[in-house]
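Enquirer: Residue numbers for the first sequence follow this note's numbering, beginning at 54 and rising by one.
Just so you know, the hints here were simulated from the structure itself, not pulled from any lab data.
Be aware that a few hints might be false.
Stated by the list, open to error - With a straight-line Cα cutoff of 25 Å, these simulated DSS-like cross-link-like pairs (lysine-lysine) come out:
#1 K381 with K162
#2 K492 with K381
#3 K108 with K126
#4 K556 with K79
#5 K212 with K162
#6 K108 with K79
#7 K492 with K212
#8 K169 with K492
#9 K169 with K212
#10 K126 with K212
#11 K108 with K169
#12 K126 with K79
#13 K492 with K162
#14 K212 with K108
#15 K507 with K492
#16 K461 with K381
Source: prediction; values computed, not measured.
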Amino acid sequence: MHGATTHCGYNPPFPLQNGLAMRLSKFHIATTREDPADAEIASHRLMLRAGMIRKLASGIYTWSPLGLRVLRKVEAIIREEMRNAGAIEMLMPSVQPRELWDESGRWNKYGPALLKFRDRREQEFCYGPTHEEVICEFARNELRSYRQLPVTFFQIQTKFRDEIRPRFGVMRSREFIMKDAYSFHMDQASQDETYRAMYDAYSRIFTRLGLEFRAVAADSGAIGGDVSHEFQVMADSGEDAIAFSDRSDYAANVELAEAVAPATPRPAPSQKLTRVETPEQRTIEEVGAFLNVPARQCVKTLLVRGTDGVVALCLRGDHELNEVKAAKQPELPGESVLAGEAEVRAATGATPGFIGPVGLPQDIPVIVDRSAAVLADFVCGGNVDGTHYTGANWERDARITRVADLRKVVAGDPSPDGRGMLSIARGIEVGHIFQNGDKYTRAMNVAVLGEDGKARTPITGCYGIGVTRIVAAAIEQNHDERGIIWPDAMAPWRAVICVINPKNDPAVDAAAESLYRDMTGRGIETALDDRGLRPGAMFADLELIGIPHRIVVSERGLAAGRFEYRGRRDAESRNMDRDALLALLG
RNA sequence: CGGGGUGUAGCUCAGCCUGGUAGAGCGCCACGUUCGGGACGUGGAAGUCGCAGGUUCAAGUCCUGUCACCCCGACCA
54 MHGATTHCGY
64 NPPFPLQNGL
74 AMRLSKFHIA
84 TTREDPADAE
94 IASHRLMLRA
104 GMIRKLASGI
114 YTWSPLGLRV
124 LRKVEAIIRE
134 EMRNAGAIEM
144 LMPSVQPREL
154 WDESGRWNKY
164 GPALLKFRDR
174 REQEFCYGPT
184 HEEVICEFAR
194 NELRSYRQLP
204 VTFFQIQTKF
214 RDEIRPRFGV
224 MRSREFIMKD
234 AYSFHMDQAS
244 QDETYRAMYD
254 AYSRIFTRLG
264 LEFRAVAADS
274 GAIGGDVSHE
284 FQVMADSGED
294 AIAFSDRSDY
304 AANVELAEAV
314 APATPRPAPS
324 QKLTRVETPE
334 QRTIEEVGAF
344 LNVPARQCVK
354 TLLVRGTDGV
364 VALCLRGDHE
374 LNEVKAAKQP
384 ELPGESVLAG
394 EAEVRAATGA
404 TPGFIGPVGL
414 PQDIPVIVDR
424 SAAVLADFVC
434 GGNVDGTHYT
444 GANWERDARI
454 TRVADLRKVV
464 AGDPSPDGRG
474 MLSIARGIEV
484 GHIFQNGDKY
494 TRAMNVAVLG
504 EDGKARTPIT
514 GCYGIGVTRI
524 VAAAIEQNHD
534 ERGIIWPDAM
544 APWRAVICVI
554 NPKNDPAVDA
564 AAESLYRDMT
574 GRGIETALDD
584 RGLRPGAMFA
594 DLELIGIPHR
604 IVVSERGLAA
614 GRFEYRGRRD
624 AESRNMDRDA
634 LLALLG
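Produce the complete structure using the sequences and hints provided.
Expert: Below is the structure:
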C-alpha cells in the first residue's frame with residue numbers, strides 16, 4: 054500500500070506525461086494521408102489531416118487531444134494578457150433564459166442566428182451567441198457604487214451562432230470558443246482608457262501568437278459616436294476585405310472605409326440628352342458594350358426600400374454599393390434592402406435594368422454617390438423598358454436630392470486621411486472591440502450610485518476574440534505543402550525527438566531517453582516519438598502536425614556523437630551536440 | 001430561403017445508366033521479410049449501400065418521400 058510499487062503493477066517510464074513531456078506512443082495521433090473531401094482551404098484541410106478536429110455536425114467540431122493542446126496555448130496567452138490588462142476572469146452560462154433577451158429586445162431582433170429551445174416546462178432559452186445580457190444581469194446585482202468602477206470582466210466560453218452557412222472548418226463554425234470581456238464605466242474618459250488598454254492587450258496577444266495582423270477601424274453600427282476596431286489576421290482566404298493606405302497607418306474594413314469625393318469638379322454638359330433603344334441590355338456590362346461606353350461613364354440606379362416608399366441610389370457603373378453606408382442614409386429604415394421587381398415597376402413603370410435618375414417621379418429621393426455626382430454626359434436607364442439615355446447630366450436632366458458616400462472603396466482610391474492610396478487585402482477577423490455607450494446598461498437597468506448619491510447608468514465596452522478561429526487563422530498564415538508550421542507560441546510541443554530504429558542499437562533508445570529528460574528538465578516542452586514508425590512515415594506525420602523543432606536520434610548520428618536538428622522551416626538538417634541543442638532550444 | 005451536388009468499410013472513392021452473390025486504394029489486425037522520407041508479401045477483420053415506403057421473383061441500382069452533408073446564390077438594375 055505504501056510501497057514503491059503500485060497495485061496494478063504498472064510502472065510508467067519517466068515521464069509518461071506532464072506539463073512539458075509527452076511520449077507519442079501514449080498520446081493519440083491520428084493523421085491521414087489523403088485530403089478530406091469537404092475541406093476547401095488550407096487550414097481546414099490540414100486540421101483534419103493532422104487529426105486536430107473532427108466534424109460532428111455542420112459547423113460543430115470535436116477538438117482532439119492534439120487540437121486541444123494548441124487551443125489551450127492560445128487560451129493561455131489570451132488569459133495572461135487579459136489579466137495583465139486588469140480584466141478579471143469569470144464564467145457565465147452558455148444557456149440563457151428568454152426573459153433576459155426580452156429585456157434587451159434582442160430575443161426578436163437578433164435574428165435566426167440565435168439558437169432557441171425549450172426545457173421540459175416549456176420555458177424558452179437560447180444558447181448564448183454572446184453575453185451582454187448575462188453580464189448586465191450580473192452587474193446590476195453585483196455593482197452598487199461608482200467606487201467599484203471601472204471594472205472589466207472576461208470569460209473564455211463556448212458560444213453558438215446558427216450561421217446561415219458554416220464553412221471552412223472552425224473558421225466559420227456554429228459552435229466556437231470565444232474570449233469575451235465587458236467593461237463598466239462611469240464616464241467616457243474611463244471607457245477610453247480601458248478601450249485603449251484592451252486595444253494594446255489585443256495587439257500584444259496577436260503579436261505573441263506570431264500572427265501578422267492589423268487593427269482596422271470597423272463599422273460602428275447604427276448608434277452614432279461609438280468606436281470599434283477589428284483585429285484582422287491577413288490571409289488571402291479571409292472573408293473580410295480590408296482597405297489600407299500605402300503611405301500611412303490608415304486601415305479600415307471596406308464596409309467602413311470612406312470613398313472621398315473626387316477632387317475634380319463636374320464638367321459642364323456637352324451632349325444632348327438622347328433616348329436610345331437598348332433592347333434586352335440590362336446590366337452595366339451589357340449596356341456599356343452595346344453603346345460602346347465604358348462602365349465608368351454610366352450611372353446605375355438602385356431602388357431600395359425607404360421609410361416612405363422607394364429611394365433611388367445612383368452609383369458610377371464601375372462601382373459597387375456599400376450597403377452599410379446606404380443603410381445609414383436618413384431616408385432608409387436602418388437597413389438597405391433592394392426593392393422587388395413589382396415595387397420597381399409600380400414606382401417607375403419600368404423593370405430593373407432600365408431604371409435611371411432622369412424623369413423619376415418627384416416623390417422618389419435620389420441619393421447620388423460622390424463619384425457618380427461628378428459625371429457629365431453619362432449613360433443611364435431610360436425608365437422605359439428597352440431604353441437608356443445618353444448625354445444625361447445632373448441638374449439639367451436629373452434631380453439630385455443629396456450627394457453622399459455610398460460606394461465601396463476600390464484599390465487606387467485616395468486614402469481618407471489624405472496620405473497615400475488605398476490597397477485592398479483580405480483578412481480574417483479574430484478580434485473585435487466596441488464601445489457600447491449605455492445601449493445595454495440602459496435596456497437592462499444597470500445602475501450604480503454616483504458620488505452624489507444618485508443612480509447613474511454606467512457605460513460599457515465589449516471586447517471579443519475568436520479563440521478557435523485563431524487556430525485556423527494561424528494555419529492560413531503558416532503552412533507549406535507538407536503541413537502546418539506552428540508559430541512557437543501555439544505549437545502543441547516546442548520540439549520532438551525522433552527515435553530511429555531503436556531495436557538495432559540499444560544506445561539509440563538510451564540516448565533519446567537521456568536527451569528527453571534533459572530537455573524537459575530544462576523546461577523545453579518536448580514530445581518523444583517512440584511510436585516505432587518507419588522514419589519516412591514519422592517525419593511526414595511530424596511535419597504535418599507542424600512541430601517547430603525536430604531532433605533525430607539514430608545509430609548513424611550517435612556514431613558521430615551528434616544529434617540531428619532540423620527546424621520546421623529549414624531546408625536541411627544539421628548536426629549538433631547536446632549542449633548546442635539545449636542552448637538553441639532553451 | 002433558391003439552385004446544384006453527394007450520401008456504399010474508419011478515410012478517399014468505384015459500382016447505379018442497362019436490377020441478379022458488396023468492390024478498390026489507403027487505414028486497421030496477425031505473421032514474416034524490411035527499416036533515414038508515408039516498405040513488401042501472405043492471411044484476416046470490417047459495410048442494416050443515409051432512412052422510410054413503393055415497383056419487382058429479385059433493389060446499392062428503378063420510383064416516391066424524407067433526413068444529413070457539401071457547393072453556388074440570396075437579388076449591385
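Enquirer: Could you grab the alpha-carbon distance between K461 and K381 and see if it respects the 25 Å cut-off?
Expert: Holds, because 14 Å separates the two Cα atoms, which is no more than 25 Å.
Enquirer: Given the hint that K492 pairs with K212, test it: the Cα-Cα distance must not exceed 25 Å.
Expert: Holds: K492 and K212 sit about 22 Å apart, inside 25 Å.
Enquirer: Does K212 pair with K162 here, judged by a C-alpha cut-off of 25 Å?
Expert: holds, 18 Å
Enquirer: Between K556 and K79, does the CA-CA distance stay at or below 25 Å?
Expert: holds, 19 Å
Enquirer: Does K381 lie within 25 Å of K492 when you go C-alpha to C-alpha?
Expert: Holds. K492 to K381 sits at ~18 Å (cutoff 25 Å).
Enquirer: Has the given pair, K381 with K162, been kept, meaning a C-alpha gap of at most 25 Å?
Expert: holds, 18 Å
Enquirer: Taking 25 Å as the top limit, are the C-alpha atoms of K108 and K126 close enough?
Expert: holds, 22 Å
Enquirer: Holds or violated: K492 with K162, Cα cutoff 25 Å?
Expert: holds, 14 Å
Enquirer: Is the hinted pair K126 and K79 satisfied, with a Cα-Cα distance of at most 25 Å?
Expert: Roughly 21 Å between the alpha carbons, so the hint for K126 and K79 holds.
Enquirer: Could you grab the alpha-carbon distance between K212 and K108 and see if it respects the 25 Å cut-off?
Expert: Given pair K212, K108 holds - Cα atoms ~17 Å apart, limit 25 Å.
Enquirer: Would you mind confirming whether the straight-line C-alpha gap from K108 to K169 stays at or under 25 Å?
Expert: holds, 22 Å
Enquirer: For the pair we were handed, K169 and K212, check the Cα-Cα distance against 25 Å.
Expert: holds, 13 Å
Hint check: no violations occur; every hint is consistent with the structure.
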